[in-house]
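Engineer: In case you want the letters, here they are:
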Amino acid sequence: MLIRFTLNGEDTVYEGSASDRLLDVLRNKYRLCGVKCGCGEGECGACCVILDGRLANSCLAAMGRVEGLDVVTIEGYRTTERFKVLDRAFASVAAVQCGYCTPGIVLASECLLAVNPHPTREEIRLGISGNLCRCTGYNAIVRAIEIAAWEGDGLW
Amino acid sequence: MVDGYTPRSLSEALSLLSSHGLTPYAGGTDLMTKGYRHEGYLFLHRIPELRHITETRSELRFGACCTFTEILESKTAPAILKEAVSRIASPSIRNLGTIGGNIANGSDKADSAFIFFVTDSSVRIASCRGERTVPIKDLYLGRNKLALERDELIVEVIMPKRWLGNYRYEKIGARKSLAISLVLFAGLMSIEDGKIAHCATSYGVDSGVIVRRSDIDEIMIGLTVEEARAAKDSYIKAYDGAISPGRGRVSAEYSKVVCMNLLADFLSSMGI
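Quick note, the sequences are listed as chains G and F, same order.
The first sequence lines up with residues 7 to 162 when you count with the working numbering.
The second sequence lines up with residues 971 to 1242 when you count with the working numbering.
Derived from the structure by calculation, the hints contain no laboratory data.
Be careful, since some hints might not be right.
Listed next, with one range per pair, are the computed distances between beta-carbon atoms [said to hold, decoys possible]: (1) Ala1049(F) with Ala120(G): 22 to 28 Å; (2) Gly59(G) with Asn1136(F): 33 to 39 Å; (3) Glu1009(F) with Cys43(G): 17 to 23 Å.
Ideal placement from N, C-alpha and C gives every residue a C-beta, glycine not left out.
Assemble the whole structure, with the sequences as input and the hints as a guide.
Structural biologist: Right, dumping it as structure tokens:
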């Protein structure tokens, strides 16, 4: 089956099985290794991508499910101004330790700020509630998103 | 090799479903965790007839492929449904998962299907052979078993609007987010002219099918609050006999005690 979709802004045709996992295809076929496999069952959020403007677990999406849709991974997102603001904010408060969860959490932050540019602390925790981090204890991540929302005022 | 289809209309989907042995794929959040299989999927995300949320004077209609996020963002969806859906998994899973998939899964603790039980909603089902609308209760035969033919597709859920105002919803899970339900309780009660005009409760435990016993709830209908207080013990006793959970993630004893406590608390909160 030919599966047509947009990958980081480029028209893409995937010639493979419609039941292949988006996660595997992104990593193995397109070498977009910012997408991580943590749990493989939607629990950890390390495989998150932005699917048609919304956060989605790529381990829970078969390729047929992205037919006609727009997929953005951290590699595509990192070219944006918004990424730069999040990047600086995360670095400024050491919100990254091992880094495995970070691509998913940055994309979760983007999807949160896109609909709610000035979230409360509770709304931030809700926005990243599907993304597990086993290093930081979350406080630094929440702080980083607060800083990004402030520093990036007007971008979202 | 053709191993998946992405139809653009309901009629195309139904004809593919009847001619090929396909598995309908809505949100995929459950299918994808059930093992990695190369099988023929019928992807439903590009069918506009499955994505609507509409209302008439007496009922609400939710397309089977509405995602949980779309329910949450809808101006039309009632609070009881939004509250239940807001507790499902996480934002990224709510962006994928659908109410139709939640129903088709056939779980006795399916968070959104649970609300369709307590609200006595119906499900419209279509195939190339025609259409039928059945009460959701009649669709469930047992754990993961639905009265649904291989060529049939769930099209929409039809929810009566009348009694949705005064509700109680409780989900017992092990954590705040990404929590699989251990016990679910929902209750609806309307008091008009001093009498109970409507009383409906549902229980989600490991019992094969969501518990919805309108025959027991009828005990309360037509009673004044004072009369209901007198009938409370026999009402609770009837449910004590009707709910018989098996062991799931928690013990049967725990599930049972929680159900009975939630029912008693629901009645107290209504002044009964």
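Engineer: Take the hints in turn and mark each one as holding or not.
Structural biologist: Results for each hint:
1. Ala1049(F) with Ala120(G): 22 to 28 Å: holds (25 Å)
2. Gly59(G) with Asn1136(F): 33 to 39 Å: holds (36 Å)
3. Glu1009(F) with Cys43(G): 17 to 23 Å: With a Cβ separation near 22 Å, Glu1009(F) and Cys43(G) satisfy 17 to 23 Å, so the hint holds.
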